[in-house]
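Input sequences plus hints: build the corresponding full structure.
Chains as they are written, first to last, in my numbering: chain G, 5 to 201; chain R, 5 to 201.
Read the hints as simulated data drawn from the structure, not as lab findings.
Intra- or inter-copy, both count: the list cannot distinguish identical chains.
Below, in silico cross-link-like pairs of lysine-lysine (DSS-like), each with a Cα-Cα straight-line distance of 30 Å or less:
| no. | residue 1 | residue 2 |
| --- | --- | --- |
| 1 | Lys14 | Lys133 |
| 2 | Lys105 | Lys45 |
| 3 | Lys25 | Lys178 |
| 4 | Lys25 | Lys9 |
| 5 | Lys178 | Lys195 |
Protein chains: 2
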Amino acid sequence: MIFFKNIDEKKPFARIEDLYKEALIAKQRNIEAICISSYSKKNGVNSRFVNLKIVDDDKFFFFTNYESEKAYEFNENNQISAVLYWNQTNTQIRMKSHIIKTSNEFNQNYFMKRTKEKNALAISSKQSKKIDSFQSVKKNFFDVMQSDDLTICPEYWGGYCFSPFYIEFWTGDKYRLNRREVFELCEGKWKKYFLQP
Amino acid sequence: MIFFKNIDEKKPFARIEDLYKEALIAKQRNIEAICISSYSKKNGVNSRFVNLKIVDDDKFFFFTNYESEKAYEFNENNQISAVLYWNQTNTQIRMKSHIIKTSNEFNQNYFMKRTKEKNALAISSKQSKKIDSFQSVKKNFFDVMQSDDLTICPEYWGGYCFSPFYIEFWTGDKYRLNRREVFELCEGKWKKYFLQP
Chain G
5 MIFFKNIDEK KPFARIEDLY KEALIAKQRN IEAICISSYS KKNGVNSRFV
55 NLKIVDDDKF FFFTNYESEK AYEFNENNQI SAVLYWNQTN TQIRMKSHII
105 KTSNEFNQNY FMKRTKEKNA LAISSKQSKK IDSFQSVKKN FFDVMQSDDL
155 TICPEYWGGY CFSPFYIEFW TGDKYRLNRR EVFELCEGKW KKYFLQP
Chain R
5 MIFFKNIDEK KPFARIEDLY KEALIAKQRN IEAICISSYS KKNGVNSRFV
55 NLKIVDDDKF FFFTNYESEK AYEFNENNQI SAVLYWNQTN TQIRMKSHII
105 KTSNEFNQNY FMKRTKEKNA LAISSKQSKK IDSFQSVKKN FFDVMQSDDL
155 TICPEYWGGY CFSPFYIEFW TGDKYRLNRR EVFELCEGKW KKYFLQP
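If you want it as structure tokens, here you go:
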């Protein structure tokens, strides 16, 4: 689930919320999955799905480990792409943005409201670091589940926030006559145009 | 549908075919959708879903317009990421690769076997170029449907081929104890290791 709030009907984010509701009604699985891509000299172009948790006005939020490879990549180059694809309604939303970390206070507040299982995983995992086996991953998790205070957010865990400056709404159609509608932020105003399929 | 052929049981591509079959049995919608990301100085990090059509041994194929923005981006920087995500089975396959165009002969042969509707769209669309309305897109398509020989592949349309050097199999699990298994090509050999979730 994605939590939408403070959505302005005059901005393209209202359209994202409408399409989200359509996908929800169509019983889209893993509706919060969003493909985030980044670029660094060491890792090149790199992509992964994360869970989009909140859309607040024009700001999108997800949470991760600040020592992961993606955090390293965002630090080197803060321009990302973000793509939602809801196959149940054949809707793709392509976005480009810059990305920043959320504050410690924001992270701590958010962390406290999560389940202890999610927090145990956040605390126990050195995300994207190599490990000898999947059994070791499980052992670390169950050790932390038993021993730690699971409400204190570790410094290496928190949110990222991005506000898209480019949004393309892509809707699949018959004969591949796909509808592609772009909103681009130019000097503070959203400019709209169509692209050929 | 993705067409697999010449798959070597000793390479990680056999695993991709197995996971594909599982997703097919689970009735995954738009199973061929793959998120391709690229980087160029002008456009930054940019991503879009395309249809993965063929996996032949270690080579992956999709088709597009050679004058599209992504073609421009591949030309500037031929390193891409490619991600399959089958939400029906909660499987993600993250890949990194270099990408090249397929030959004119390969493109012409492939084009001849396609439906006239697909070819009319390929001929009529100046992909990713701006257009005044979606109505104009439809008009161009129906004009081409009536007038042209729809078996001759235009020079601006064809395939791209990539052979991944990095493949991560991600399987979602309870408590987010996701299983992450990596295969990386090092001096011609596939090295395998696990990543923390």
